[in-house]
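Please take these sequences and the hints and turn them into a complete structure.
There are 2 protein chains.
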Amino acid sequence: MPIEKIKISKRNLIISEASKLFKERGFGGTTMRDLAEKVGIEAASMYNHIRSKDELLEEICFGIGRKYDEQLTEIDKTKISFPEKIEAIIAFHIQMIIEDGNAVSVLNNDWKFLNKEKMVEFKAMRNEYEKHLAEIITAGIKEGAFKKVNVAVALFTILSSLRWVELWYKPSRGVTKEDLAKDISAILMNGVKA
Amino acid sequence: MPIEKIKISKRNLIISEASKLFKERGFGGTTMRDLAEKVGIEAASMYNHIRSKDELLEEICFGIGRKYDEQLTEIDKTKISFPEKIEAIIAFHIQMIIEDGNAVSVLNNDWKFLNKEKMVEFKAMRNEYEKHLAEIITAGIKEGAFKKVNVAVALFTILSSLRWVELWYKPSRGVTKEDLAKDISAILMNGVKA
DNA sequence: TAATCTTACTAACAAACGTTAGTTAGTTTA
DNA sequence: TAAACTAACTAACGTTTGTTAGTAAGATTA
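Quick mapping for you: the protein sequence lines, in order, are chains A and B. Our numbering numbers the first residue of the first sequence as 12 and each following residue consecutively. Our numbering numbers the first residue of the second sequence as 12 and each following residue consecutively.
Hints listed in this document are in silico derivations from the structure and should not be mistaken for laboratory results. Quick reminder that beta carbons are idealized off the backbone N, C-alpha and C, glycines included. Be aware that one or more of the hints could be misleading.
Unchecked claim - Which stretches of chain A does chain B cover? Using the computed rule of at least three CB atoms under 8 angstroms from a CB of chain B, they are:
1) 36-45
2) 119-129
3) 154-162
4) 190-200
Structure representation (structure tokens):
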């Protein structure tokens, strides 16, 4: 019984440490020997658990990517107002960063080191996510819940404005995720001008 | 006379091509041989113009960083309202990206590959920039020009919401920088909610 | 118990890395 | 014209890279 358990958990440990190092030093800046040291085994031994360095990157990017997709779909199908949907999306982005900030960072910054075919796949996934969000904004405008803003600009401004959280958030600041979500939502929803 | 001219322009060509490659492939993902090929000389020949690969990164990061500082100071001392100041800052960030997007991208993404002491210097520069911007926001709130938003959140939301432009902007989209600045400003100033 | 599997190890490979040395042709300065 | 400088070249250096081969100890299965 424990065989598979142990295998999975060692593999997951490698992926988890890889996320940490990729975030800190970038994909190219992280060596398999650095990673092995963090895991506590020799570099060569890792190949009993993983296929290649590239596979680690793929696992991280697509693992997190799928989570984003699922959550967005989940939120979209609940029966709440459009502003509430956007607020829920903001909240879950923050939640993802708090829960697995390293992997989110890798998804955001290191996807360009995916190999050619995986990168195509990744871009398709990302495009679909953005399209989905754009549809929510468009529907919200149509319904009169949102101003007639430029949809592409609104979409990217919202997504992009969440990315600093990944760089900024640490528990030691003593800001709860709820406060953070509330403050960011307030600005995106109502603006800063008095 | 042309000696210095040629020297400067070849060095600048190297830096310019380096910005392009660092943006595309990251600092670690760019080799001196790749770069040399773009420049049209052998890798070893570049060392007649530059000291090291690190020096290229430093030149790019601090060159652009200084431009940001100067522009912000310039805007801050003009006698316009606080919302107008923020709008001017948004416009010049967009201008920087359009003018020298590759270098801006390197500043944003590859500063972490600066060596230890240069990184300290870089962070200090960045902190000062953020502090300066925070003061403008704080003053605007005090004067009643802005809502009583969380200053840190507003600061990073504004800065961060401009970063997608770097990834998104290309002339072929047919969006003028004026339109872009106007649309982004509209969202940050007034929000998306109707 | 015997056979198989798992997971670690050491050693090593071939390729790629940033950089230096040494040289040479052409240009500028004295 | 002679001396000095610039900027390119080829060759090579010592590391570091991701990865494979081969092996061995221990756990699991038949």
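Checking C-beta pairs, does the segment 36-45 of chain A have three or more residues closer than 8 angstroms to chain B?
holds (count 5)
If you count the residues of the segment 119-129 of chain A with a beta-carbon closer than 8 angstroms to a beta-carbon of chain B, do you get 3 or more?
holds (count 3)
8 angstroms C-beta test of the segment 154-162 of chain A against chain B, three or more residues:
n = 6 at 8 angstroms, threshold three: holds.
Quick one: see if chain B covers the segment 190-200 of chain A, three-plus residues with Cβ-Cβ under 8 angstroms.
Held - the segment 190-200 of chain A has 7 residues with a Cβ nearer than 8 angstroms to chain B, which meets the minimum of three.
Of the hints listed earlier, there is not a single one the structure fails to meet.
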